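Use the sequences and the hints to build the structure in full.
Last residue of the sequence shown: number 137 in our numbering, and the count goes up by one each step with no gaps.
Keep in mind the hints are simulated off the structure, nothing from the lab.
Wrong hints could be hidden among the right ones.
What the hints assert, rightly or not - Below, in silico cross-link-like pairs of lysine-lysine (DSS-like), each with a Cα-Cα straight-line distance of 27 angstroms or less: (1) 55 <-> 113; (2) 80 <-> 113; (3) 80 <-> 119; (4) 119 <-> 55; (5) 80 <-> 55.
Computed from a prediction, not measured in an experiment: that's the story for all the values here.
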Amino acid sequence: MGPVRNVDDLMAVGHGYQRAMILFAALKLGVFRGLAAGGCDASALARRVGAAPGKLSILLDALAPGGRVAIQEFLLAEGKTSPPGPVFFSVHMAAVTEGGRAYTAREIAAMMKTAGFRKISADRPDSRGVGILRAFR
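Below, the structure written as structure tokens:
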């Protein structure tokens with residue numbers, strides 16, 4: 001691309017930068033490894049990313065100002081002993097990862113806030129304990 005001469009050129013550069021940030025975030029989060037393994041849907045990609053402070057910062061950096069993110073997770077109830085699906089998932093994560101476990105919606109919201117997200121909201125989890133948290137950059 002040549003020199004920036006007008007607003008349209010500036011917008012093209014900005015959109016190119018935003019696309020590059022999203023691609024870099026996808027690389028850092030291992031999204032392409034999931035796709036290379038035979039493809040997967042958005043739900044499978046969401047499970048690969050998961051909620052973790054470092055990953056949330058990568059997502060925040062990739063979002064344009066005012067951009068939105070949605071995170072789907074197994075959500076423990078506040079007492080962390082129910083529902084069964086998230087409890088089982090938490091035990092599994094503790095067994096196969098270093099420091100991994102399931103979280104409550106409040107814990108994930110706190111991670112999102114620490115990472116710099118704002119206007120954080122959480123849907124009520126479904127009967128399996130799967131919930132969605134949404135936030136803005």
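>> Check whether the Cα positions of residue 80 and residue 113 lie no farther apart than 27 angstroms.
In response: The hint holds at about 21 angstroms.
>> So if I understand the rule, the pair passes when the alpha-carbon distance is 27 angstroms or less; does residue 119 with residue 55 pass?
In response: Satisfied, since the Cα-Cα distance of roughly 19 angstroms is no more than 27 angstroms.
>> Between the alpha carbons of residue 80 and residue 119, is the straight-line distance 27 angstroms or under?
In response: Between residue 80 and residue 119 the Cα gap is close to 25 angstroms, so the pair holds against 27 angstroms.
> Regarding the pair residue 55 and residue 113, is the alpha-carbon distance no greater than 27 angstroms?
Replying inline: With Cα atoms ~13 angstroms apart, residue 55 and residue 113 stay inside 27 angstroms; holds.
> Given the hint that residue 80 pairs with residue 55, does the C-alpha gap stay at or below 27 angstroms?
Replying inline: Answer holds: residue 80 to residue 55 is near 23 angstroms, not above 27 angstroms.
Violated hints for the displayed structure: none, as all numbered hints are satisfied.
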